[in-house]
Every structure is written in structure tokens, then in C-alpha cells.
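Protein chains: 2
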Amino acid sequence: MALFNRRNFIRTGLLTGTGAALSTGNLSAKPAEKTLNEIGKSKWELDSPALCVDLDKLEKNIATAQSGAKAMGIGVRPHIKTHKCPAIAHRQLKAGAIGVCAAKLGESIVMLENGIENVLMTGVNVTVPKINRAMEYRKKYAGFIQAVDSPQNARDLNDAAKAMGIVADVVVDLDVIKRSGIPNGPQALALAQLVDKLPNLKFRGILAYDGMNQHVKGFQNRRVAALKNYEPVVESYNLMKAAGLNLEIFSGGGTGTYNIMGEVNGFTDVQVGSYVFMDLQYMQAGGKNNEKVYDDFESSLTVLTTVINTNFPGRITTDAGSKALTLNKPNPFVIGEPGFDYAAGSDEYGMISYTSINKSYKIGDKLELIIPHCDPAVNEYDVMYGTRNDKVVEILPILGRGKGA
Amino acid sequence: MALFNRRNFIRTGLLTGTGAALSTGNLSAKPAEKTLNEIGKSKWELDSPALCVDLDKLEKNIATAQSGAKAMGIGVRPHIKTHKCPAIAHRQLKAGAIGVCAAKLGESIVMLENGIENVLMTGVNVTVPKINRAMEYRKKYAGFIQAVDSPQNARDLNDAAKAMGIVADVVVDLDVIKRSGIPNGPQALALAQLVDKLPNLKFRGILAYDGMNQHVKGFQNRRVAALKNYEPVVESYNLMKAAGLNLEIFSGGGTGTYNIMGEVNGFTDVQVGSYVFMDLQYMQAGGKNNEKVYDDFESSLTVLTTVINTNFPGRITTDAGSKALTLNKPNPFVIGEPGFDYAAGSDEYGMISYTSINKSYKIGDKLELIIPHCDPAVNEYDVMYGTRNDKVVEILPILGRGKGA
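Here the protein sequences come in this chain order: A and B.
The numbering of the first sequence is my numbering, which starts it at 183 and goes up by one.
The numbering of the second sequence is my numbering, which starts it at 183 and goes up by one.
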């Protein structure tokens with residue numbers, strides 16, 4: 183991976199600026215007293231490491247994706263695997279999202295039980311306990327849609343739905359990345375027809391996620407890659423359409439392709455996830471209007487860390503290592519210090535070496551970091567601190583954290 | 183990093199065998215009802231991804247470290263940053279540990295509040311809120327020892343202890359790795375003398391962690407590296423001894439050097455952490471009796487995952503990706519399938535490619551994985567399932583999870 187141009191980063195002003203505020207989402211679960219005490223404080227007073235989200239920027243990002251998708255004639259179905267917060271999902275729905283996606287059953291349940299009624303689970307449930315649990319939730323929540331990518335699993339879902347006395351909504355997941363999904367063409371058509379035929383399943387359409395396209399550098403390169411990689415999916419779509427199947431859902435894409443997917447024939451809604459926060463991996467992909475930095479969305483998510491050691495020349499040690507930031511690359515970016523190289527390879531410590539430094543630091547000083555990859559980093563924390571103008575105004579419990587099962 | 187020889191791994195029988203059972207640790211916090219329902223089940227019935235610990239092997243590992251350290255005339259002060267479970271810390275203490283280490287204040291508090299009364303916090307507290315909170319806990323728990331690595335921090339701790347009306351126990355953290363600690367020699371001596379002089383601090387000795395030595399391959403190479411890298415620490419120790427300071431604690435080392443540190447002059451206790459679980463990073467370091475595999479301790483910790491997709495030739499997709507395993511290297515090892523290469527780079531999915539395969543797999547089958555690096559992987563889970571002979575006998579809440587602050 184090419185080195186990220188940090189100086190360019192700063193020049194774009196990407197790290198500053200505030201957006202218009204939307205209304206506040208519901209907060210269904212009560213955070214611990216310790217964190218509630220932080221409301222009203224400056225974020226710089228928070229205990230570290232702390233995960234912070236600038237709510238003005240977050241809400242601006244949500245609005246940007248909505249208007250961008252609308253301009254392309256498609257809907258937005260945000261993927262909550264990124265934030266795992268009902269409080270953010272509520273904001274996304276209020277801004278016009280047609281529902282949300284969730285990766286795992288545990289995450290889906292957290293959303294359903296916290297007032298998010300339209301959840302499309304993009305992963306499959308294949309074990310008996312998971313299928314039964316999923317069907318229990320489908321019985322309680324009509325807006326819960328499940329994915330399937332093999333004939334046996336379709337039959338298993340049908341049997342469980344029958345036992346539960348329901349007809350369960352299902353989309354067929356199509357291959358783009360040779361990871362999940364059913365191969366495109368005849369196999370995909372046969373599976374869709376099987377789902378359509380099974381009496382206790384209702385075929386709602388298709389799903390196809392193109393993870394490999396999202397971070398392609400340069401908007402035109404990304405556009406070409408996305409349209410090419412979706413060709414087999416569109417072929418499956420056409421086969422299903424010719425067979426007279428219901429294709430009310432054709433969902434896929436992501437933050438890197440929210441303004442591309444509208445060009446795909448039949449496509450209905452984009453599964454943007456990281457756009458709410460942004461991260462270094464996405465920022466360095468470049469955008470339509472800025473080839474160097476993908477600045478359609480602003481960086482709203484940061485980790486605060488504290489300087490804990492300055493005893494060694496040319497080095498600064500902090501309290502945020504891989505348990506606070508993950509091992510994802512590129513290295514975390516220290517806001518205001520483009521000459522810093524922040525290594526998070528140590529479990530407990532961040533280790534900064536530098537070629538240039540803009541101010542002197544002493545033990546106890548706080549630094550603010552942009553995260554390499556937002557989804558797994560969010561999964562390390564129990565809450566995020568919602569700020570406006572650097573003041574903590576809301577505690578957002580990450581209720582889907584650790585719900586991989 | 184050199185490729186790990188997986189076949190050798192299997193031949194050693196490292197992945198089988200059971201150990202002697204010790205008594206069960208206390209379980210101070212009640213796990214959720216959902217997990218309690220799993221007691222009595224076969225581990226193969228658990229929902230996945232699931233973190234499992236073979237308690238027989240764990241207890242054997244605990245006994246091995248105790249007897250190994252005893253043979254060298256040193257004590258064991260296990261580092262709970264690895265497991266974050268009071269239930270395991272209680273086992274370590276019952277087996278003869280003289281106390282535990284914790285990395286962060288949050289972890290220390292979890293231990294203190296759950297019946298672990300002797301906690302040496304190896305990280306420093308440098309902000310006013312953290313120092314005050316630490317002193318509150320020192321007031322309640324006489325066995326809580328704090329580390330310091332700068333003169334200003336020593337004065338800050340003293341002031342806080344004075345305000346709390348206590349004399350707080352402190353060790354000076356000495357540099358080995360240029361990450362935490364005070365440089366050795368005159369600076370170290372001056373800091374120890376300052377702590378000793380400050381009226382509200384009690385100087386208890388020194389701390390020095392040599393992270394870079396722990397995974398050196400080959401026992402003799404590791405021994406030479408550890409003894410050499412501790413030379414400056416021993417020099418500081420000698421200066422402090424000559425100055426008449428109390429050196430009742432000289433703590434350091436780890437799983438890789440538990441049978442080496444007894445050779446260091448004045449050393450009192452080894453901070454073994456990973457030995458309870460083992461992981462691939464440690465296993466490939468080699469041991470005193472087995473140059474290829476470090477098998478002094480058995481692999482007790484595994485992640486269970488489920489096969490969710492077999493649609494693509496030469497590939498198997500599972501439900502455990504980087505959120506379940508972290509991005510640490512080497513790649514997770516699939517027990518029983520040395521020809522598998524398990525990539526956990528995807529947030530939600532494990533992707534197996536293989537050169538050889540010992541059985542055929544279908545959707546829903548479970549696989550068991552040995553983890554690359556145990557500490558940060560444990561930090562992804564809320565509970566671990568304690569098993570004996572593959573049956574779930576205990577739920578161990580990971581109460582220190584996410585307590586980085």
C-alpha cells in the first residue's frame with residue numbers, strides 16, 4: 183500500500199469544519215453512570231483511550247449519502263456493522279434510509295430490539311440454533327430479512343419458518359468476492375427459484391457485496407472496477423427478471439461506490455457503512471472531486487490518547503495500542519502532527535517516532551487520532567462519546583459490540 | 183517472520199493431552215443467562231465464534247510455571263492483561279502466585295473488586311482523574327501497587343496520596359524497550375531516591391519488562407538476549423542497592439523467559455501472562471526441550487468457528503474474521519488441518535484456502551482454531567467457555583475486557 187500523503191490531508195481542511203445538525207436518535211439502553219458523568223465536559227477531559235464521534239460531522243455525512251444516492255435514484259440501506267449503535271441507526275433512518283443492514287444475527291437482534299424495525303442481515307445463519315433464533319425474531323419483527331446462499335440453507339430456513347408458523351423474507355446473496363454468496367448465472371437463478379417456490383419463504387430479491395471495489399484508488403478506477411465486477415451479478419439479475427421473479431431488492435455497494443451504484447441496472451439501494459465515520463483506508467482512496475483524498479465524507483470518528491512517556495529522544499509513548507486501535511494499516515494519523523509516525527503494534531502502548539514536531543509534549547497531554555479502519559476499532563469499545571464543538575453531548579452505547587455470534 | 187512448521191506441531195502432540203485439575207476459581211460476576219444455558223453442552227454445540235479454554239490444560243500450565251519458577255528460586259506474579267478474568271486470577275493465586283500484574287487502571291480495579299487483593303499495575307497513571315481514582319483504590323486495597331517512571335509523576339502521586347491521607351506503594355519502572363520506564367543508571371537511581379524520600383509514597387522496588395526478548399526463537403538465543411538486555415536494569419538495581427534502598431520487588435520477564443529470569447541478580451518474580459493459554463506467536467519461539475515448538479505450556483485457548491460457505495473450489499468461508507481473531511500473525515491454525523491457510527483479514531469472515539484437506543466439510547461444520555496472539559483476541563469477547571474433555575463446565579466472564587482506560 184502506497185504511503186498516505188499526510189500533508190495533503192491537512193491542506194484539504196478535511197479535519198476541520200462542522201455540518202448541520204439533525205435531530206438526536208433514540209438511546210434505548212442506559213450507559214453506565216461513569217460515562218454519563220462525562221456529559222457536558224470538554225472531550226479533552228475524557229479518560230483515555232476514548233472513542234469520540236463529532237455528531238455534527240456524522241450527521242452531515244448521513245445527509246451527504248442520502249442526497250448522493252437520491253441524485254442517482256437509489257436508496258440508502260446503511261450497514262450498521264460499522265457503528266453497532268442504535269443511536270446512529272435511528273439518525274440514519276430519520277434522514278431517509280430505507281432500513282439498515284447488519285452482518286451477524288447478534289447485531290440484527292440488537293437493532294430490532296432497539297427500535298430499528300427494518301433490518302437486512304447480510305450474513306447467513308447456518309446452524310440450527312441460529313436459524314431458530316433468527317426465525318423467532320422474524321416472527322416478532324416483520325421487517326427482518328435474511329440472506330441465503332445455498333440450496334440446503336434455503337430448505338433449512340423454510341423448515342424453521344414452517345415450524346414457527348411464518349413466511350420469512352429472504353434475499354439471495356450473490357458472489358462478487360468468492361467469499362460469501364452463490365455463484366452467478368444458472369446456480370443463482372436456481373437458488374432464487376427454489377426460495378421463491380418454498381412455501382414458508384418469500385423471495386424479496388438479491389444482495390451482492392463488492393468489498394474489493396470499495397478502496398480502489400481514484401474515482402474513475404473505482405467506477406470501472408465496480409461496474410465490471412457487478413457484470414456477473416447483473417447477468418443473474420437479468421436471468422431472474424426474465425424468469426418473472428420479484429426483484430424489489432437489489433442491494434450492495436458501499437461507501438466507496440455510493441455515487442457509482444446507481445449506474446448498475448436494477449440496483450435499488452447502497453449499503454454504505456464507513457461513510458458515517460470515515461477512516462484512513464477510505465480517505466486515501468480518493469473521491470470524484472478530489473483524487474488525493476476521499477473527502478465526500480468528513481472524518482467524524484477519533485480516538486483520544488494520552489502521552490504517558492517522553493523519556494526517550496525522538497519518541498513519545500501513549501496509552502492507545504492495538505487493543506484501542508487494532509493492527510489495521512495505515513498507521514493512525516495524529517491530528518495536527520503530520521510528521522508523526524504512530525505505531526499501534528504494541529497491545530497496550532502507542533509508540534510515536536517523528537521526523538518533525540509542531541509543539542512540545544509533556545506527560546499527560548492528549549492527542550487525537552484518525553483510525554486506520556473504523557469497523558473493527560469501534561468493536562473494541564463499549565461506548566462512544568458524541569461531541570459537538572468538542573463538548574460531550576451524548577453517550578452512544580455500542581450495543582452491537584462483540585455480537586459476532 | 184518465518185513460516186511456522188505446522189506438521190511438526192501436530193507430531194509433538196501439543197494439541198492433545200489433558201492435565202491435572204486444580205480447584206475452581208471464584209466467579210464474582212454473573213454471566214448472562216444465554217451463556218449460562220451452555221453449561222453441560224459439548225463445546226461443539228456452542229454458537230460461534232466462541233472463545234474456549236480447556237481448563238485442564240490451563241491448570242496444568244499454571245502449575246508448570248509455578249514449579250518452574252520455584253526451581254529457579256523466584257516467584258510468579260501473573261499478568262492478567264492476557265486473560266482479564268478474575269476466575270483465572272483466582273486459580274493462579276491458589277496455585278501459589280504472589281499477586282498479579284495488570285496493565286491498566288480499569289483492569290486493576292476489576293481484579294481488586296473481584297477478590298484479587300494483590301495487584302501490581304505495570305502501566306503508569308498520569309492524568310489527575312486516573313491518579314485520584316488509583317489512590318481511592320489504594321486506600322481501599324492495601325495490596326495495590328502502582329508504577330512510576332518520571333519524577334513529576336512521582337510528585338503527582340505523592341500529592342494525591344497525601345490528599346487521600348495514605349502512603350501509597352510504588353515501584354519504579356525501568357527501561358528495557360524504550361517504550362515505558364525511566365532510563366537506567368543515574369536517572370533511575372534519582373527517581374527511586376525521590377520516591378523513597380516523598381512522604382506519602384513507599385518505594386517497594388523495581389519493574390522492568392522486556393517485551394522484545396519474549397519471542398526470540400530458540401531457548402539459548404532467548405536466554406542470551408534476555409540476560410544481555412537486563413544488564414542495564416541490573417546496573418540500576420546495583421546502584422539502588424548500594425544506596426540502601428528497599429528492593430523487595432524486582433519484577434519482569436514473561437512467558438518466554440520464566441525459566442531464565444532466575445539467573446538475573448536480585449530478580450524476585452516473573453510476570454508470565456500468555457503461558458495460561460499459549461498462542462502461535464509463543465509456540466513458534468521454541469523451548470528448552472524442544473527447539474521447534476515451545477511446548478513447556480499447552481495450547482488451552484481456541485476459537486470455534488462455523489463453515490458458512492463452500493461454494494467456491496479450494497475455498498472454505500467461516501464466520502470468524504478479524505473481529506473474532508484480530509489481524510495478528512501468523513495466520514490462525516486450524517486444528518487437524520495442517521494444509522489449511524486461514525486468512526482472518528476480513529472483518530466478518532475467515533477465508534480458508536488449502537493445499538491439502540483431511541476430510542470434506544459442509545456448511546454448518548465447526549472448526550477449532552489456535553489463535554495467533556492471545557491477549558488482544560481475548561479482548562474481543564465478553565466470556566470464555568471453560569471446558570473439560572470438550573464439555574462446557576464453566577462460563578468465565580472477561581470482566582477486564584475493554585478496560586483500556
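Keep in mind that the hints were calculated from the coordinates and are not lab data.
A couple of the hints might just be wrong.
[Stated by the list, open to error] Quick list of simulated restraints, FRET-style, between CB atoms: (1) A/N571 to B/K322: 36 to 42 Å; (2) B/M394 to A/P368: 53 to 59 Å; (3) A/S224 to B/P333: 27 to 33 Å; (4) A/D523 to B/L409: 27 to 33 Å; (5) B/R337 to A/E295: 48 to 54 Å; (6) B/K423 to A/K511: 31 to 37 Å; (7) A/G400 to B/S224: 50 to 56 Å; (8) B/K470 to A/G367: 31 to 37 Å; (9) B/G527 to A/E295: 27 to 33 Å; (10) A/V310 to B/M394: 25 to 31 Å; (11) A/D523 to B/K470: 36 to 42 Å; (12) B/N471 to A/G367: 24 to 30 Å; (13) B/S538 to A/K399: 33 to 39 Å.
[Unchecked claim] Below, a list of computed lysine to any residue pairs in the SDA-like style, where the Cα atoms sit at most 20 Å apart: (14) A/K548 to B/K548; (15) A/K379 to A/M394; (16) B/K548 to A/K379.
From the three backbone atoms N, C-alpha and C, an ideal C-beta is built for every residue, glycine too.
Evaluation of the provided hints:
no. : hint                         : in the structure
1   : A/N571 to B/K322: 36 to 42 Å : holds (38 Å)
2   : B/M394 to A/P368: 53 to 59 Å : holds (56 Å)
3   : A/S224 to B/P333: 27 to 33 Å : holds (28 Å)
4   : A/D523 to B/L409: 27 to 33 Å : holds (31 Å)
5   : B/R337 to A/E295: 48 to 54 Å : holds (50 Å)
6   : B/K423 to A/K511: 31 to 37 Å : violated (45 Å)
7   : A/G400 to B/S224: 50 to 56 Å : holds (51 Å)
8   : B/K470 to A/G367: 31 to 37 Å : violated (58 Å)
9   : B/G527 to A/E295: 27 to 33 Å : holds (31 Å)
10  : A/V310 to B/M394: 25 to 31 Å : violated (48 Å)
11  : A/D523 to B/K470: 36 to 42 Å : holds (37 Å)
12  : B/N471 to A/G367: 24 to 30 Å : violated (56 Å)
13  : B/S538 to A/K399: 33 to 39 Å : holds (37 Å)
14  : A/K548 to B/K548             : violated (45 Å)
15  : A/K379 to A/M394             : violated (33 Å)
16  : B/K548 to A/K379             : violated (30 Å)
Checked against the numbered hints given earlier, the structure breaks hints 6, 8, 10, 12, 14, 15, 16 and satisfies all the rest.
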